[in-house]
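Enquirer: Listed below are the residues making up each chain.
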Amino acid sequence: MKFTINDEVIDLTLDPRMSLLDLLRERLHLTGTKKGCDQGACGACTVLVDGERINSCLALAVQYEGCAITTIEGLGTAGDLHELQRAFIEHDGFQCGYCTPGQICSAVGMAGEIRRGVPSAVTGDLETDAIDLSHDELRERMSGNLCRCGAHNGIVQAIQETFAPKAKP
Amino acid sequence: MNPFDYARAGDAAEAIRLAGGRADAKYLGGGTNLVDLMREGIEHPTHLIDVSRLSHEIAARDDGSVLLGAAAKNTAVAADPVVRERFPMLTRAIVAGASGQIRNMATVAGNMLQRTRCLYFYDDAARCNKRTPGAGCDAMEGFNRFHAILGGSDACVATHPSDMCVALAALDAVVHLQGPQGARSIPFAELHRLPGGRPDVETELGTGELIVAVELPPLAAARHSTYRKVRDRSSYAFALVSIAAALEVGADGKVADVRLALGGVGTKPWRALAAEAVLRGAAATEETFRKAAEVELQPAVGLSDNGFKIELAKRTIVHTLASLCPGVRT
Ligand SMILES: Cc1cc2nc3c(=O)[nH]c(=O)nc-3n(C[C@H](O)[C@H](O)[C@H](O)COP(=O)(O)OP(=O)(O)OC[C@H]3O[C@@H](n4cnc5c(N)ncnc54)[C@H](O)[C@@H]3O)c2cc1C
Ligand code: SF4
Ligand code: FES
Ligand code: FES
Numbered sequence: 001m002k003f004t005i006n007d008e009v010i011d012l013t014l015d016p017r018m019s020l021l022d023l024l025r026e027r028l029h030l031t032g033t034k035k036g037c038d039q040g041a042c043g044a045c046t047v048l049v050d051g052e053r054i055n056s057c058l059a060l061a062v063q064y065e066g067c068a069i070t071t072i073e074g075l076g077t078a079g080d081l082h083e084l085q086r087a088f089i090e091h092d093g094f095q096c097g098y099c100t101p102g103q104i105c106s107a108v109g110m111a112g113e114i115r116r117g118v119p120s121a122v123t124g125d126l127e128t129d130a131i132d133l134s135h136d137e138l139r140e141r142m143s144g145n146l147c148r149c150g151a152h153n154g155i156v157q158a159i160q161e162t163f164a165p166k167a168k169p
Numbered sequence: 170m171n172p173f174d175y176a177r178a179g180d181a182a183e184a185i186r187l188a189g190g191r192a193d194a195k196y197l198g199g200g201t202n203l204v205d206l207m208r209e210g211i212e213h214p215t216h217l218i219d220v221s222r223l224s225h226e227i228a229a230r231d232d233g234s235v236l237l238g239a240a241a242k243n244t245a246v247a248a249d250p251v252v253r254e255r256f257p258m259l260t261r262a263i264v265a266g267a268s269g270q271i272r273n274m275a276t277v278a279g280n281m282l283q284r285t286r287c288l289y290f291y292d293d294a295a296r297c298n299k300r301t302p303g304a305g306c307d308a309m310e311g312f313n314r315f316h317a318i319l320g321g322s323d324a325c326v327a328t329h330p331s332d333m334c335v336a337l338a339a340l341d342a343v344v345h346l347q348g349p350q351g352a353r354s355i356p357f358a359e360l361h362r363l364p365g366g367r368p369d370v371e372t373e374l375g376t377g378e379l380i381v382a383v384e385l386p387p388l389a390a391a392r393h394s395t396y397r398k399v400r401d402r403s404s405y406a407f408a409l410v411s412i413a414a415a416l417e418v419g420a421d422g423k424v425a426d427v428r429l430a431l432g433g434v435g436t437k438p439w440r441a442l443a444a445e446a447v448l449r450g451a452a453a454t455e456e457t458f459r460k461a462a463e464v465e466l467q468p469a470v471g472l473s474d475n476g477f478k479i480e481l482a483k484r485t486i487v488h489t490l491a492s493l494c495p496g497v498r499t
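As they're listed, the protein sequences go chains H and Y. Quick note on numbering: the working numbering labels position 150 of the first sequence as 150, and the sequence is numbered without any gaps. To get the working numbering, take the position in the second sequence, counting from 1, and add 169.
Simulated from the structure, these hints should not be mistaken for lab results. A portion of the hints provided could be inaccurate.
Said to hold, decoys possible - Cross-link-like lysine-lysine pairs, in silico, DSBU-like; alpha carbons within 35 Å at most: (1) Y:483 with Y:423; (2) H:2 with H:35; (3) Y:423 with Y:460; (4) H:35 with Y:195; (5) H:2 with Y:195.
Please construct the entire structure, taking both the sequences and the accompanying hints into account.
Expert: Here it is in structure tokens:
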């Protein structure tokens, strides 16, 4: 069974019960992706599949055979951080760091949704494709990622600086 | 999780063949509900047929209708330009539900067939008639703040949790099915059953029957429609009360056309036909909206913790209709 994970083709056999999250963490030792609730409620396990953000805990790995999966390890490395990782450091976007890989993958997926004009629950005009990443839009769109440490102010600033440098705070 | 066989279907016929008419086979959409329930030991299919690669198509037709492939993702439906223009309440209902990540995984059919979030249904140490027919219902005397005030029975008062389905109920959607016995179409209103004495039997689907598409018939009034959801926190929570409403007011100030459905209050997505009958042809005023709400909620029954939903539903109906009607302030 073939998967492309962080640009590397991986071929392995799997128990169909294994979640994509457990495949990443337990089999491939990509432990950047975190397990919080294991039931879709916290976002710590967020990864990108063909560029779209999903919760890997609710995903059966077999269902994603043939897909391109990007985890936090694929977005940046210690020597070559993603610009959003740099912004998280600069704005104190984390304390314990447990939610951070999920926050970052989720924000990268979210930026793509904004570019494609996907509306949210707080988008006023449904007929426009030009969505401003305002404070309200950002908070609504990131509501699937919880942070127990309450690092939200820094998280919001880091995402806004990276993806909407000109938006009003 | 119990072991199961997994197979991926390329089209509807293959899916039905793979399911082989087995009662213990299940179709798998995005998995966001089924995988969770399997992990909790509430569902234990022996065969999973992955139908997430079936038709994703969202087809806008010239007559004003739109056909949604059963495997279209919730995000794709909400973002579709024609859905946004013709049926804004559907976009608003979808984006009011779950999170960005879950909406990217969830499919149209999976959303329709998601199961209740009743805590006792999820807790296998509790008594639940939906899980084990005849076992009893711990919600009746338990914590029932989230439960239904409309459509309940002595056996079960669990709500249907979907936001998207409230819009489908209001829009007179039609569900296209295919199964071992052939193809058929049923009105969305007939897809879900009231619990009655058998809350474990939730839909009209036969064994092995597959949802292949959902059709939104043309509806001019739907261009002027919205969805209002009231919940305990402003995002990422299930509805206490929600309203899908389409309203067309004529030059004479009277209601020319209306569609109304309620979420969070019914044991199935709740079409408010009694309220619509009061509204149609009446003056579009706050007084009329209130009267319609009173009539619809007249049969409502509150339990120990959820009686507040009765007045909340009425006020949300009035407020939502008024928001579609610039002349009326509440
Ligand atoms: C944390 C969390 C919060 C949520 N909040 C909300 C919310 O606020 N509002 C809301 O509306 N929903 C909410 N949801 C629920 C979510 O919308 C559903 O889980 C999702 O829509 C289910 O779609 P799916 O494709 O993943 O279904 P699956 O889990 O794959 O399947 C669900 C059911 O549908 C059946 N099925 C799937 N496809 C077909 C088909 N083609 N034909 C026949 N049967 C089929 C399956 O056998 C299964 O029984 C939430 C979920 C989570 C985990
Ligand atoms: S309300 Fe329905 S689902 Fe909840 S415990 Fe009672 S029977 Fe089960
Ligand atoms: S671990 Fe997946 S959402 Fe919490
Ligand atoms: S930084 Fe600790 S959970 Fe977010």
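Enquirer: For each hint, tell me whether it holds in the structure or not.
Expert: Each hint, compared with the structure:
1. Y:483 with Y:423: 21 Å, holds
2. H:2 with H:35: Given that 35 Å is the threshold and the Cα spacing comes to 23 Å, the pair holds.
3. Y:423 with Y:460: With a Cα-Cα distance of about 15 Å, the restraint between residue 423 of chain Y and residue 460 of chain Y holds, given a limit of 35 Å.
4. H:35 with Y:195: 26 Å, holds
5. H:2 with Y:195: Roughly 24 Å separates the two Cα atoms, so the pair holds.
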